[in-house]
Every structure is written in structure tokens, then in C-alpha cells.
Amino acid sequence: MSVQTATNPSTATRRFDPLARKDDLDAFRAEVRAWLEAVVPADWRARMTGASEADYVAFQRWWFAEMGKVGLATPHWPRDWGGADIGIRHQVIIFEEIARAQAPNPDMFVISLYHLPATLFGNGSKTQRDRYLTGVKERGEVWCQGFSEPGSGSDLASLRTRAERKGDVYVVNGQKVWSSYGAFADYCLLLARTDPTAPKKQAGISYFILNMKAPGVTVRPIRQATGQAEFCEIFLDNVEIPVSDLIGEENAGWAIAQSTLSAERGLIIFELSERMARTLDADLADAKRTDAAWLKDDEARRAFTRAYNDMVALRLMIRALMQEIETDPHMGSTTMPTYIKVHFSELLRRYTEFRLKLGGLSGQLRQPIILGGGHQTGNAMHDFLLSYAWTISGGANEILKTMIAERALGLPR
Amino acid sequence: MSDGHSTDGMDLNALRDGVRTVLSEQASHEKVAAFTNAEGVRDQPLWSQAAELGWLALFADEAHGGLGLGPSELAVIYEELGRAVAPLPVLGTMLVVEALARGGDADQQAAWIPRLAAGELAGAVSMLAPGAPAPTLTLSTGPGSGVVLDGVVENLLDGAAADVLLLLAREGEGLRWVLVEPAVDGVTVEKAATVDRTRHLGVARFERVVLPAGRVLTGDADEIAQALLHHAALALASDARGGANAIFEITLDYLKTREQFGKPIGSFQALKHRCADHKIALVASGVLVAEAVAKAASGDSAAGRYALAAKALASEVYARVAQDAVQLHGGIGYTWEHPCHLYLKRAKLNEQLFGGPAAYLDGVTDLLLAAA
Numbered sequence: 001m002s003v004q005t006a007t008n009p010s011t012a013t014r015r016f017d018p019l020a021r022k023d024d025l026d027a028f029r030a031e032v033r034a035w036l037e038a039v040v041p042a043d044w045r046a047r048m049t050g051a052s053e054a055d056y057v058a059f060q061r062w063w064f065a066e067m068g069k070v071g072l073a074t075p076h077w078p079r080d081w082g083g084a085d086i087g088i089r090h091q092v093i094i095f096e097e098i099a100r101a102q103a104p105n106p107d108m109f110v111i112s113l114y115h116l117p118a119t120l121f122g123n124g125s126k127t128q129r130d131r132y133l134t135g136v137k138e139r140g141e142v143w144c145q146g147f148s149e150p151g152s153g154s155d156l157a158s159l160r161t162r163a164e165r166k167g168d169v170y171v172v173n174g175q176k177v178w179s180s181y182g183a184f185a186d187y188c189l190l191l192a193r194t195d196p197t198a199p200k201k202q203a204g205i206s207y208f209i210l211n212m213k214a215p216g217v218t219v220r221p222i223r224q225a226t227g228q229a230e231f232c233e234i235f236l237d238n239v240e241i242p243v244s245d246l247i248g249e250e251n252a253g254w255a256i257a258q259s260t261l262s263a264e265r266g267l268i269i270f271e272l273s274e275r276m277a278r279t280l281d282a283d284l285a286d287a288k289r290t291d292a293a294w295l296k297d298d299e300a301r302r303a304f305t306r307a308y309n310d311m312v313a314l315r316l317m318i319r320a321l322m323q324e325i326e327t328d329p330h331m332g333s334t335t336m337p338t339y340i341k342v343h344f345s346e347l348l349r350r351y352t353e354f355r356l357k358l359g360g361l362s363g364q365l366r367q368p369i370i371l372g373g374g375h376q377t378g379n380a381m382h383d384f385l386l387s388y389a390w391t392i393s394g395g396a397n398e399i400l401k402t403m404i405a406e407r408a409l410g411l412p413r
Numbered sequence: 001m002s003d004g005h006s007t008d009g010m011d012l013n014a015l016r017d018g019v020r021t022v023l024s025e026q027a028s029h030e031k032v033a034a035f036t037n038a039e040g041v042r043d044q045p046l047w048s049q050a051a052e053l054g055w056l057a058l059f060a061d062e063a064h065g066g067l068g069l070g071p072s073e074l075a076v077i078y079e080e081l082g083r084a085v086a087p088l089p090v091l092g093t094m095l096v097v098e099a100l101a102r103g104g105d106a107d108q109q110a111a112w113i114p115r116l117a118a119g120e121l122a123g124a125v126s127m128l129a130p131g132a133p134a135p136t137l138t139l140s141t142g143p144g145s146g147v148v149l150d151g152v153v154e155n156l157l158d159g160a161a162a163d164v165l166l167l168l169a170r171e172g173e174g175l176r177w178v179l180v181e182p183a184v185d186g187v188t189v190e191k192a193a194t195v196d197r198t199r200h201l202g203v204a205r206f207e208r209v210v211l212p213a214g215r216v217l218t219g220d221a222d223e224i225a226q227a228l229l230h231h232a233a234l235a236l237a238s239d240a241r242g243g244a245n246a247i248f249e250i251t252l253d254y255l256k257t258r259e260q261f262g263k264p265i266g267s268f269q270a271l272k273h274r275c276a277d278h279k280i281a282l283v284a285s286g287v288l289v290a291e292a293v294a295k296a297a298s299g300d301s302a303a304g305r306y307a308l309a310a311k312a313l314a315s316e317v318y319a320r321v322a323q324d325a326v327q328l329h330g331g332i333g334y335t336w337e338h339p340c341h342l343y344l345k346r347a348k349l350n351e352q353l354f355g356g357p358a359a360y361l362d363g364v365t366d367l368l369l370a371a372a
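One line per chain: the protein sequences are A and B, in this order.
According to our numbering, the residues represented by the first sequence are 1 to 413, in order.
According to our numbering, the residues represented by the second sequence are 1 to 372, in order.
Check the hints yourself; a few may be wrong.
As the list claims (entries may be wrong) - Restraint ranges, calculated between C-beta atoms of paired labels, are given here:
{"hint": "1", "chain 1": "B", "residue 1": "332", "chain 2": "A", "residue 2": "368", "range": "56 to 62 Å"}
{"hint": "2", "chain 1": "A", "residue 1": "410", "chain 2": "B", "residue 2": "337", "range": "50 to 56 Å"}
{"hint": "3", "chain 1": "B", "residue 1": "105", "chain 2": "A", "residue 2": "20", "range": "54 to 60 Å"}
{"hint": "4", "chain 1": "A", "residue 1": "288", "chain 2": "B", "residue 2": "330", "range": "47 to 53 Å"}
{"hint": "5", "chain 1": "A", "residue 1": "242", "chain 2": "B", "residue 2": "269", "range": "55 to 61 Å"}
The hints are simulated quantities; they were obtained by calculation from the structure and are not laboratory data.
Just so you know, these numbers come straight off a predicted model, no measurement behind them.
Don't be surprised by glycine CBs; every beta carbon is placed ideally from N, CA and C.
Use the sequences and the hints to build the structure in full.
Below is the structure:
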């Protein structure tokens, strides 16, 4: 597939530079919009419908590179690491415009863009930040996450993958699972046990950077309920990790893992909530235009409006969080991101199920999937199934609810 | 109800602290229970205190003895009254002030607003609702320059506690808002007791009741009705927000101290997860209420839709939390002595006041469709 040549020819006519217009919000928005209009191929959804894996990967890399050219792949990163230090008002504009343009989701780069920096900013060494953040920004390196194991899901701290220090390397043995995009990843954020004798299981875990090309790493895709194979299993057989790729102190990995997970509950949902808002507005406009039957069905119409109100509340919660972070970047509220993750994922399940019900029997017909189409592909059954990714991953909602009860509400353990 | 300062510069946190302190003393659960057990219509000591502290003057403009503040400050009052399940007819009184400010002439404003702001008069207003049918009360030209009212007005919130009623009446094909002073005009407002004893509904009957023409508001009746509906929606949403948070805190305290099977019942996961669900719902509805208040304060064009959405969501969340509070308390929560039932009954009445959940959801849908 030749995505590069298929883009709107006008891309060549001028260089876009939204960040140069940062000081004027209207001009900034106009430039982001103009760039998206020029660069997002009008037919990308059609081309990604039922596309091959190779085409999908090529398209993701192309899209990431395009975002990078105008500084909009990593605008939320601090300037020292190649970001633009943009604040909430600019981030809102970017996400709103991306949603408006129905631009592709850079799915394959989610860990690279959010989890990796969230981990390295607070805990990585300068060498690690320089090497790996630059790798993402300049070379489009793909990262995956190696946290869960077959026997350690919700009880993540029971993980058994072992890392033993031998001279200048750690020798790692074990197995990881549910690693999204592991098959295409260059690196992996890896948790492994360095001290099996620690009195608390959390205290014996270390955090590593794993080179996925290292000898002894085997990746096997896992097919999901949607039929796609985004997840992977990672087998580690005497894999050597240089000591310089240990993040933070030995046995301090558990606390660092919390900052990785918090990324999952912040900016990523911000973008997804803007796309969700766009979808609900578009669905209502469609229903109005076509005089859809569900508008006259009290139960269905009210279910829609309940979801709409919850979506408005979700966006307000995210803005409250962003303001909190902007006021005090180091405070990093631990509770609001958790409320947001649970609220968003439950709403996503409810709304995708609502659309599925509207689809009736025809909603059950198998349709080709739009790769990279996120949760708004219009393929109702696929979108519904994909909503489990958010209620289960990044801490199952049941685990998060226990956490809220104990840490935010002070209920006894 | 955003934290910090309103646009007028009033310190909302200080206002909140002040109101809460007074209510914790003057509208403690014991005092509220005593009032409700006595089947009163108006808690006169509490009303006088509210008037003395200037709560009733917040919203009226400065030319008429008020402080000229807006929705942000009022929302604090409504939310705190909700927290305390206080029996105080503030909403009806503020609605009359709002109607006069929007649709009264200079004489009407001068005659009524200062007395409402001073707490000399409490008000009650026709029960509006999104999409409600036209009233059955009729207004016709009477003897001389007067007007005549005929018909029955039901569902006047705190109507028997009111000194002045503001009623929506049909006049030919159109609608008019009319002021009635029951004691002066020879009208009796009967109390229709609600299960929530912190408030009640009133019924007023009119058989050729003659009023001076100056009792009819000259402003556009539909515009006034819409403003009052949005005001009531925000007030009830704020009341719901305050009440839901209060009963949730009471419930959490109980779960931390009540022991069964040798440990606090709050350590059981089945209860923890319900509490987490409630907390998330309280945060989500709380930010929506706050945004609705902010939009009303800034005169945003979407303020009406946000007010309706806030009432729909916050009253539903209040009802859910208050219902579960009784269950989480077990037997003690089902007793007359425990405050749980005060919150549960207030929550269920809030859901229905000025229109039920379906009416509010449909009101939001209509506004969304109009903009789609």
C-alpha cells in the first residue's frame, strides 16, 4: 500500500507549523485544522477496512511520522525532551480537532507516547530519557508493556518473571502476557522479580527496559474476541538486560509502575473522550436527519441522553484533572484519574451496547474491521467487544473500585 | 458552585463555611426531626435567622435591598440546605425575586423585592416542568380595573408557608404571571402533606378572586417561566448534590465503625464496590452541577441545557445513594430516629419536583436536537 503518495497533494504546497502559533489560540486551532485537512487521507477508513497487518503497521508509522513533522506527536512532553510543553488549552484544541477530522488513532504508539514518558520523567536516568525518548520522537520506536503474567493479572505484585544480576547484566526468565503491539515493539517496559525473599511481594520487584530484539525474546500473538491479534505473549529465556537499563533503584519497581499506570488514566482518555463526544453528536445529528425510529422510542432516546449527560460529565472530570496537573504538575491527583477510568470505561460499554441494540439483527452481521478506527468504527459489535479493553486493562475496574474504597474513602482493608 | 470566588469576587468557600456552621447548629438532624415531627409548615426561628444573616438578600439587586449576587452564591445556599435537609422555603422565595426582576415593572419590583429579600415574605411559585401542559387557572378582566382568578392550583412547593404566591394563569390564548397575597386576598392555601416532611405541597383554590391589576407581571410569561424552570433545576440539582454527599459521608462513617463477623463491615468488598460506584457518580454529577452553575453565572447560551442535565443526573444520583444508604445501614437506617429516611424522602421528592427524570431527559434531548 502506498499511503504516502495517496495523501492530499496539497500537503506539498506548504509547511504547517501549529506550534509557532501557540500564543494565539484561534490561530493555533486554525493551523491544526488546516494541517489535518491537508494530511489526513479522506479514504483512510476505507483503506484500513480489512487491511493486512503489514499495511496497518505501515499506515501507523506513516501517521506517527506526519504528526511528528508538525510537532504534534509529542506536544505534551516537556521541552527538554523534544516536546512543546503545551498546556491544557492547547491539548483540548488538538484533541478536539483530531476528533473533528476523524483522524486515525496512533494506537501502536500509545505506550511510547504516554506510558514511557510517564515512567521516565520521574524515575529514569538522564541517559535513559535522552536515549529512549529521542528514539520515540525521532525514530518512531514502538514500545510495549510487560506487566501481566499468566498467573498475575489483578494480583500483579505476585509476578514471577525472574531477573538475576550477573555482573553487568540481569538475566531474565519468565513469561509476560497481554502486551499490546508486542509483535511490532522495539522495546518493552518490563517488571521482573529481583528479590524473591522480600517480606512484601511488592518490595522485590524491579523495573527494566527490555530490548525486544535481544536473544531469548520470543513473541507470540494472541487472537482476541474481536478476531484481531493486537495482544501478544512474550517469552523470556535467559534474556540479558544491561544494568544501565534498570529504571530507578533495584527493588523499587512497584512504585514506578504506579506512575506508568496513571498515564493510562489521564491524557489517553482525554483524547478518547473527545472522540466519544464527536460520535454522540454525530449519532444524534444522523438520527435527526434520517428521522430515526429510536428518537420516538422513549427508552432508547432517554438511554442516549443519559449517556450524553455522562459524557459531558466525563469531559468535565478530565478538564478538572488537567487543571489540577497544570496547577501542580508534581501533585498528580491519584484519585481523579481512577474515577475517570472507571466512569469512561463503563460509559463506553454502555454506549457501544446502546448502538449495538439499535443495530438489531443487522448489527450482528460480520463486517470487516477498520484497523486503527478506535471505538467509533460504526461496526457496532466490534466497538462493543473492544470496550472490554478499557474495563479490564490498566487495572480491572473491580481492582480500581477496591482501591477507591480504601484509598479515597478510607474504608478498612 | 466552583470553588474559590464567583465572578463578583465573593469568597464562596467562606460563604459555604458560614452557612454550614449556622445550619449545623440551627438545622441539626435533631432540630430537623423535631420540626418534621411537629408537622410544621415553616421553621420560623430558622427562617428569621436566614433572613438576619442575609441569605435571602443574596440574589436581589442592590437597588431593592439585596446584595446583587448571582447563581454561584445561591447554589452554595441551596447545596448547604440540601446537606442539612433543612426545612426552609428559600427556593420559592428566590423564584419570586427572579420573576419580578425579569418581568416586573418598577412599582412591582419596589413593592415586593425588598420585603422578599428581608425575609418579611416567603414565596411559592406554580410547579413548572419541562414540557408541562398549560395551567388550568384562568385570569380574566374583572370589575373596574381589577382582574379575576378562577381555578385550582396544586403542587405549590411550600405553598402553605408562603406569604406570596406567584402563579401562572391563562389569559385568553396567552399566559400571565400573577402575584397573590393569600392573607390579604382572602385565599387559603391548604397543605398537602408530602412523605418528605422537610417540605410540603400547597393547594390554592380560586373562585372569582378579584385582584388589583398591578398584581399581573407585564413581562413575557414564557420567558419568565423558562428562567424560573432553569433556576429551579439548578437549585434542586444543588440540593441533591449537598444531600447526596452528606448521606454518603454519614454512611461511610457507619461502615468504618459498625462491626460484624469481628470486623468493620466497610472491609467487605461487596460494600466497598458499591461505595466506589457511588463516589464516582457523586464526582461525575458534582462536576456537571458545578459547570451548570458556572454557565448560568456567565450567561452561557448552553446554560439552560446544562441546568436540565444537572437536575436529571444529580437527582438520580441522590436517589440512588440515599436508597443504598438505608440498605448499607441495615436495621438502624430503617428507623425513624436515624436521619437516613430524611435524605431518602427528600431525594425522592427532589426527583419529582419541577418535573420528573423523564421530563428532564426529554428536555435535554429537545435542546440537543435543536442544535444538532
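Hint by hint, here is what the structure shows:
Take residue 332 of chain B and residue 368 of chain A: their Cβ atoms lie about 59 Å apart, and the range 56 to 62 Å holds. The given range of 50 to 56 Å is broken by residue 410 of chain A and residue 337 of chain B, whose C-beta atoms sit roughly 26 Å from each other. For the pair residue 105 of chain B and residue 20 of chain A, the supplied restraint of 54 to 60 Å holds, since their beta-carbon distance comes to about 56 Å. In this structure the supplied range 47 to 53 Å holds for residue 288 of chain A paired with residue 330 of chain B, their Cβ-Cβ distance being about 48 Å.
For residue 242 of chain A and residue 269 of chain B, the hinted distance range of 55 to 61 Å is not satisfied, since their beta carbons lie about 42 Å from each other.
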